[in-house]
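What follows is the residue order along each chain.
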Amino acid sequence: MKKKYSIFSIARNAFSGHKNWPKMWRSPEPREFYDAIIIGGGGHGLGTAYYLAKEHGLKNIAVIEKGWLGGGNTGRNTTIIRSNYLWDDSAHLYEHSLKLWENLSQELNYNVMFSQRGVMNLAHNEHDIKEIKRRISANNLNGIDSQWLSKEEIQKMVPIMNTDNLRYPVLGASFQPRGGVARHDAIAWGFAMRADEMGVDIIQNCEAQKIRTKNGKIEGVETSKGFIRANKIGVVASGHTSVLAETAGIRLPLQSKPLQALVSEPIKPIIDTVVMSAAVHAYVSQSDKGELVIGAGTDSYNSFTQRGGFNIIEETIRAMVELYPVFGKMKMLRQWGGIVDICPDASPIISKCDVEGLFFNCGWGTGGFKATPGSANVFAHTIAKNEPHQINAAFSLNRFVSGKLVDEHGAAAVAH
Amino acid sequence: MREVIRSNEVEIKTFTALQVIIRGSGDSKFNNLLNKKLNLLPPSDNLRIVSDDNHILAKLSYDQWNLIFLNKDENLKVQNFCHEINKNSEMLATNISDAQVFFQISGENTYSMMNKLTHFDFREKNFKTMTAAQTLMARIDCNLYKLNTHILVSCNRSFSDYFEDRLIDAVNF
Amino acid sequence: MLLIECPYCGPRDQSEFSNGGEAHVKRPDGSQEISDREWGEYVFIRSNPKGLFYERWVHSHGCRKWFNCVRDTSTDEILKIYKLDDPKPPLKDFENKIQTPSGEPDVGSGNFTVKK
Amino acid sequence: MTHLNNQNSPFIHFHQRINFQFDGKKYHGYKGDTIASALLRHGIKLIGRSFKYHRPRGIYTCGIEEPNALVQIISEHSEPNVRATIKKIYEGMEVESQNRWPSIEFDIGSVNSILSPLFSAGFYYKTFMGPHKSFWKKIYEPVIRKAAGLGKPPKEFKAISSHLHHNVDIVIVGGGLNGLLAASSLIDTQYDILLIEGDNQLGGILNNSSKINEINGQRPQEWAKETIESIKKSKNIKILNNTLVTTYNYINHLIAVEDKYVGAKPAEDKVNSTLHKIRTEHVILSNGHIERFLSFQNNDLPGIMLGASFEKFICRYGVIPSKEPVIFSNNSNSNSLIQTLLELHIKPKAYIDSRSGEQIEGELFELIRKNDIPLYTNSQVKAAYGNKKLEKIVVQDSSGGINEITTDFLCVSGGINPDVHLFTQSKGLLEWDDKDLTYKPSKSFQNTITLGSASGQFNFEEIENELNQKLKIFNVNKIIIKIKSNTASRYQIQKLWEVPAHKTSMWSKSFIDLQNDVTTKDIRQAISEGFDRIEHLKRFTTNSMGTDQGKISSINALGIVSDLLDKKVNEVGTTIYRPPYAPLSFAAIAGRNSYEFYDPERKSPIHQWHIKNGAVFEDVGQWKRPWYFPLSKSETMYDAVQRESKTVRESAGILDGSTLGKIEIKGKDALQFMNLIYTNSFTKMNAGSARYALMLGEDGMVKDDGIICKISDEHFIATTTTGGAANVLACMEEYAQTEWPNLNVYMNSITEQFATFNISGPKTRDIMSKVFPEIDFSNQAFPFMTFQFHEFQNTQLRIMRASFTGEMGYEIYVPSNSALKIWEQIQEAGKEFGLTPYGTETMHLLRAEKGYIIIGQDTDGSITPIDLGLNWMIGKTKTDFLGKRSLTRSDTVRPDRKQLVGILPLNKEDSLEEGQHILLNESLQTPVPMLGHITSSYHSPIMGHTFGLAVIKDGRSLIGTKAFASTSNQKTIPVEIVKPIFYDEKNERLVS
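Chains as they are written, first to last, in this note's numbering: chain E, 1 to 416; chain Y, 1001 to 1173; chain Z, 2001 to 2116; chain R, 3001 to 3992.
If we strip away everything but chain E, and leave its shape as in the complex, we get (with noise of 0.2 Å):
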């Protein structure tokens, strides 16, 4: 590591008034060869980067980026990162990432202020309730921190909350104490610097156009700064994944949407946890700038604008102030959108395809931020040795040939 950060650096720049510091990263020209290029400079980029850098040996490789580092998705969420997911290989892809998280403001020597003040899920009808229950058993048999909060655990904890006096009453939760929120941005500088200390050529400005291939193999990647050749591609470009894949022939089970989020005006500390109602739709925690980070839905439809409907905004903000009275007075400070990429079983693809040497890490829909580290070490795995980490076995492509899918959306409405 050769930027080494402390208080005692910060100390030591005071005194040149911080003109000294060096630069996170370089701004090279693209090579004309790499043995591996990621398109696309998120925190799931970057980190399959710096994975590969690190835990594979490989050095010639690129990441290239059409806008600016981690302005994409990564800089887009409202970084709500648990594991609680039902299913075992959800499970355990989550549970390997937040491990990931749990150390990695110390890996990268970065403070991605990983905070780990908890995540509680509500459940507010009979049917919640019946599923929570499910999820944290399986949860606690698969190793994961998950537990059942009554009411009155609930109050404890959230005393701004209204739990009685509304239309869909809390009736209980579940509990992550292990999750949390982190720093959006810090992740993806985070590993761009490390992965650049290693020699890898992080590349902005670089508009990846078409993915070149030749008798089902990989040639290479047509940029707005030349044609590149690569060994290996791996795609981690969101919202933006299927239109790549399509330029080498791939049609990909990804629908991209518009997802919106909204932050409120920083107040002092009002709320200490991380609050997710899927019933109602309202999803809270606050910054450690003392924003409300609210997460809004999905529209319905495909787009690409990075902005969605204000009705989907209201919906999120009515239930809010159901649930929470104080914040009738509160203000949106600001709203904006990304482009998520959702495949249909609501779990993600990492997978090899029928090209030879091209790989995708797609599909994460409205929550991949959670997921970055796992996501980059497992994909950077895939990548490397060109076959499946037995963690991300389960998230290939052919399952949507055999069926067997991995399904996240949770059950269907109550019945009769």
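These are computed hints drawn from the structure, not numbers from a lab. From a predicted model like this one, the values you see are computed outputs, not experimental measurements. Possibly wrong hints are sitting among the right ones.
To be verified - No more than 30 Å apart at the CA atoms, straight line, and that leaves these computed lysine-lysine pairs for DSS-like:
# : chain 1 : residue 1 : chain 2 : residue 2
1 : E       : LYS4      : R       : LYS3126
2 : R       : LYS3052   : E       : LYS289
3 : R       : LYS3668   : R       : LYS3884
4 : E       : LYS4      : R       : LYS3146
5 : R       : LYS3137   : R       : LYS3152
6 : E       : LYS19     : R       : LYS3503
7 : R       : LYS3026   : E       : LYS268
Got chain E sorted already, so can you dock chains Y, Z and R onto it with the hints?
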């Protein structure tokens, strides 16, 4: 007919009415049959309403007409009407007399009140008198019938308490 | 929120509609023998282009009728709305506003608002 | 304090004194005052403390762009972060400063200012990592969180706010000079128009400055008054005052919020604000411009204010913030400020301009000379000094000499920007203007017209031209407008982004973002670390991420960066403004769609009966369904359900099943259609009979179930699950319209037309015969799974012999308006037979004993009919139905799929619970291999212990095997895997 509220230049009354959804092609056979039964020629223009003393008949889509009976006919008579129509294998008449509740809204502030609850464009240039529409109001599916002196709104009965409360609220606030 | 012109009811807020994904995808007839892969493609895979896109909508909170539409997913502009039995309008009838598969249009994108 | 009043301002009612409190001290202002203008009247400058360094801050602007003067309104449920420059005072208002402790004068947090060299941009990324990772959670983060945040959280409050939708042809945003001109030219045209103004007065620049002398020969105020009158009289234009357009969405969908209590305390029981949701054909943006500040050392001291804001305080709010201000500018926008001051016989203490004498407009030069104002050309303010307020400034003059000027006020102007926030929200394209040094609207994406300074057109003589050209599309008459302005010359500016610090040290600061305490040093550091993209820079330094979104400063930051990188500004980019324009109240967004109206409660036609009979309700989707009927307050749910269940098994029970979806399907090809929709075949089914049916998704997974009644090959009635009602109908419509348009078939929902009563139990036949004496309920006349129509008391019923409890029973479909009457007749008749009403919980228990599934409970979207053991429901000879092909994929034919089984505890006192997982081994060493989970579990009154249904891997071949269920307290209980049926396996009771 029960008065719901009269305030702020809006008057709302509620009632139930016998009502039938008729599905079919709208061809001449269809028109003749309805004309024979009702003595009323179904409108061929989409969204158009025709009416007489006892009926409001609106074309809500290319294969759907809503027929409202204004007089209190007997339920069984309407049932019988459906039965007769349904003898024709290419038509479906469904009695929904018990499924919906109507609100009659009139007064100067009718539309400004309704626009608190719906995005629907009530301007005459986009919603002509004697036409009908299906839309969302107070987040609930509604049928609108713009008649000469007032507007009729119908919604499903399970929502009617909520809908009535929303109307009152919209008049008051 | 989009404004969508239902071919039967006229222009309405998007909140009245549900999106039905890609249009003109023919369901394999049950009498044909098709492979797992072909069937999997029908069930799970739909085009997801940036730019011109044929898609379906249904006026679910209105007349409940389905119709087709050509929309530019890079700007969300609705370019044409047509009934199910109308012929599929050819792509050449519409201007493709992006130069590369994942490029950005001049105006209308959420990404850039500055002329360079 | 009267010496600070400008009695000439027509907008302040000096005879109406208003008392209010700031930080517990009593002050007064006048009607029309904002908090800021009232405090300035008292010479109060220190209003708050800054976010990071807790530096003293004052009032920097006179409007929505204010970065500093944010206050907490204690008297309005402690609303935080309110702009003192916008919020008008009222009698008894209580206001507090923010982000200080214990008091604004003495703030402990200001120790941060001493440590500030360590708190450089992004310092938190580089530290707080040691000595152990647990320190972040336990020590660092709590401290950081407490220090951050601006205001205190508000108090609990159910605000009343309403929504109002508009459909119009044109929206004019901003009722200043250009907005009024545009509106007046559209009077009595065919267009429906909304004119929206954020202030409570139309007029904009005419009210806020003395820039304009004359319009068409009239004094500006007279012209405005007449114009506004004529607009008000027109039938097609509606004016919304106090309304701020916050959001400009796609397809000209605008969101605006109207404050209904300007200058008054909001009433608790009235609408406080209205959210206007506007759909329009065209938008005219005439929302003006925003003045920029300038960066120099200590440019944040209270007593430093934007020049145009200073002028606005005088003209619009009748308060003169200082009688001896110094003015510092790099452009021609400050000319009118000097005019305004001179008209009040106030002589600025000095005028400092970075431009040379030749560049400064002749008129201005004359004015300064004539009035003998000390003039510094080619000069810059290097620094400001003072203790909690401005005391002196340091000026570097053209010769490089350093001059100190003692002053209590400094007006700065760094140039003006068109207010492009809304334009960029509309996704229009901006273009950098190298002469005016700002971004201007270039290409519109939607039908957007920009006018006046909002379009980057800063010269009054151009207005006439611009209007006529841009409003041509509306076919308006030629507009003739002659404006005499106080600033005859064209707008002119010299580049000046930052004045180098006077005395640099570790502690010296020139601010670039006042609210977030970002300094120009932070910008330099970010660039040196490689954050040279503007979005990176913004995120790394938090520049322009405050509640003001950097309205007065973000262009300055771009300028500094472009100089550092030696790039053009448009190559650096611009931070994209994110909606809303200004923070938008949650209560306003929620409107009346929250609290009591959050979601409708759908009620069955006999809901009132359930209430009268003490039902406890369960939310099932939007429906309120009786869950159980306790006999008394003391009867627990468990006891009630055990009692209800036993009664059904022993005599009879009745359930209100009205929420079930019901669909009538008819057409020439109805049979073919139904055969395609459901797995079952209906071809050989007799008319008048009924059949349990399954519907799959195309992925082969069970989606819904119901009973299909066949009236004829052309006419069916289907039931659906409660939750599936809408989806099943929608699915049928979709396939009928899109896949099989050649089939002649129609379907209508009859869910709400009929109430459904499910009556079952051994005494059912007796009860039914008593209520419906003319119907023969014998097995021969009315066999199992058949239905009949009957006319009864002037209505038509459909009765079906079917049951979901395992006991013999009927489903009665009653038109909703007759439901209560007939339900009560059944209750009355049932009394002697011990009939009990029961709720959903008992229904669930009884059906589980019988092994009947509930979609969404025993299935979860990953279960096929084969997994459920329902192969018999699949029409074997059918070539097609929804999802058929999926049932033969490799994964669906896999033998070890999860299958439905029954579970019994080996120790009868052990309690099975839903969600418990089934394990083959007792070991709880994680990860524990799981076979599957218990989907349904109840205590059975007939068995005397709990039992369950479960879906487990290879379940059918494990029947008879011992296994374990994991419990929530980390234990296991031994269980036996059994067939999924616990009652009347031979259906003897069912068909009896």
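Verification of the hints:
no.	hint	in the structure
1	E:LYS4 to R:LYS3126	8 Å, holds
2	R:LYS3052 to E:LYS289	10 Å, holds
3	R:LYS3668 to R:LYS3884	24 Å, holds
4	E:LYS4 to R:LYS3146	28 Å, holds
5	R:LYS3137 to R:LYS3152	22 Å, holds
6	E:LYS19 to R:LYS3503	16 Å, holds
7	R:LYS3026 to E:LYS268	26 Å, holds
Every hint, counting from the list given before, is met by this structure.
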